[in-house]
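Make a model of the complete structure from these sequences and hints.
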Amino acid sequence: MMILAEITGSLGSIGYGLAAIGPGVGIGIIFGNGVQAIARQPEAYGVIRQNMILGFALAEALALIGFVAPFVFGA
Amino acid sequence: MANFITLSEVTCKFGDNECPFPAPGAGIFEWQPLASFNLFGFTSIEVTKPVILAMLCTVIVSVVFIAAFAKPKLVPTGLQNVVEVGYLFVRDNIAREIMGKDGDRFVPLLTSLFFFVWSMNVMAIIPGAQFPVSSRFAFPVVLALIVWVVYMFLGMKNQGVVGYFKNIAFPPGMPIGIYPLLTPIELLSTLIIRPVTLAIRLFANMFAGHLLITVFTVSAWYLLNLTNFVGFVSVIGYLGSVVSFIVTIVLTGFEMFIQALQAFIFTLLTAVFISSSLHAEH
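Chain order of the listed sequences is A and B. Everything in the first sequence is counted per our numbering, starting at 52 for the first residue and increasing by one. Everything in the second sequence is counted per our numbering, starting at 15 for the first residue and increasing by one.
It is worth saying that the hints were derived from the structure and are not from the lab. Careful: at least some of the hints might be erroneous.
Said to hold, decoys possible - Just a sample of chain A residues kept apart from chain B, beta carbon distances all over 12 Å, derived: (1) 62; (2) 97; (3) 100; (4) 108; (5) 111; (6) 117.
What the hints assert, rightly or not - Here are some, though not all, of the chain A residues that point toward chain B, as calculated from beta-carbon distances under 8 Å: (7) 96; (8) 102; (9) 104; (10) 105; (11) 112; (12) 115; (13) 116; (14) 118; (15) 119.
Claimed, not checked - Chain B regions said to be covered by chain A (calculated; three or more residues, Cβ under 8 Å): (16) 213–225; (17) 278–286.
No residue lacks a Cβ here, since even glycine has one placed at the ideal position from N, Cα and C.
Take a look at the structure:
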């Protein structure tokens, strides 16, 4: 069989790179819209901040699972 | 000690022949037992540094709170003043913000969780300890299990055993056709994904933070080759070493922020889960 391309080292780093794309975009959207909401309605800062951090925590979990998986399943 | 890196074990430096960067890996989280006991002849209990730090955290948090509130005064002074600020922070920013007046019942639980998790995280940057206890997976898992038991119990108590599972599986007010899709997702998310992500979030943040700080600390040491001066290469090494050292300090500050944020998020999510158990969605 002819080998066209070969990668040595830990594939986990590539996996983490891929896993970080989605949450990266998501967290950007969450905080971008959160800041916009605070700018439009500064008196609702408390509620907006709570929900912003909540959404951030849920999106961030995906990237962190991608980070931990190579360590857990061996690289 | 397998894989465990101390700075004195980095024998060769940048610029030496055949000396790759000794990158820290998952090995820096594995500790040799300092003492081990045999319980009932078959279970062996091994005491490692994280265990001792966790006990220390328990003692610190308990002692501080008991000392502050053993004899509470109407007009607080000294330590009571300081600890009350922390208590009020949890009550006003987490419990009341999420659950309203209902939340007052759960402030003791949330306060204990917040300060215990925070103290476990802060151990990462305390000289001498310098290890985040929550980067050992068992500690967040136990905390997440406690949270899971609490919100499951509250849900069954407030909505009835059948009613609670019915409310999870079939949230009211949805078109009939969506239930085959929604029911498995909701069941999976409430029963399994919630506690699992709660534990993984705390664990992975502390794991990543500690690894990051260690990488830059080791590289600051590795790049500083004082014994074997090889001209231009060494100068580059010195520059890199200084940059790494500065980055270490900046990251330590950043980690302080992350530690408090993760403790906050852990408690906030606990409050959200408890709140969703108190009242059915409608």
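Outcome of the hint check:
Once the 12 Å rule is applied to beta carbons, residue 62 of chain A is consistent with being away from chain B; the minimum gap is 15 Å. For residue 97 of chain A, the requirement that its beta carbon stay farther than 12 Å from each beta carbon of chain B is not met, with the minimum near 6 Å. Remark: the non-interface label on residue 100 of chain A conflicts with the geometry, its nearest Cβ contact in chain B lying 9 Å away (cut-off 12 Å). Not every beta carbon of chain B lies more than 12 Å from that of residue 108 of chain A, the smallest distance being close to 5 Å; the non-interface claim is violated.
Residue placement check: residue 111 of chain A does not keep its beta carbon more than 12 Å from all beta carbons of chain B (closest about 7 Å). Distance check on residue 117 of chain A: its Cβ comes as close as 9 Å (rounded) to a Cβ of chain B, failing to clear the 12 Å threshold; non-interface status is violated. Interface restraint check: residue 96 of chain A against chain B, minimum CB-CB distance 11 Å, threshold 8 Å, status violated. Checking residue 102 of chain A against chain B by beta carbon gives a least distance of about 10 Å; that is not within 8 Å, so the hint is violated.
Against a cut-off of 8 Å between C-beta atoms, the interface hint on residue 104 of chain A holds, since the closest Cβ of chain B lies about 6 Å away. At a threshold of 8 Å, the smallest CB-CB gap from residue 105 of chain A to chain B is about 7 Å, leaving the interface hint in force. For residue 112 of chain A, the suggested interface contact is upheld, since its CB lies about 4 Å from the closest CB of chain B, less than 8 Å. Hint status for residue 115 of chain A relative to chain B: holds, with the closest Cβ pair at about 4 Å, below 8 Å.
Annotation: residue 116 of chain A was flagged as interfacial toward chain B, and the flag holds, the nearest CB pair being 6 Å apart, inside 8 Å. For residue 118 of chain A, the interface hint holds, the least distance from its beta-carbon to any beta-carbon of chain B being 6 Å, beneath 8 Å. A cut of 8 Å between beta carbons decides the hint on residue 119 of chain A: the least distance to chain B is about 5 Å, and the hint holds. Residues of the segment 213–225 of chain B with a Cβ under 8 Å from some Cβ of chain A number 7, which satisfies the need for three, so the listed coverage holds.
With 5 residues carrying a beta carbon less than 8 Å from a beta carbon of chain A, the segment 278–286 of chain B meets the three-residue requirement, and the given coverage holds.
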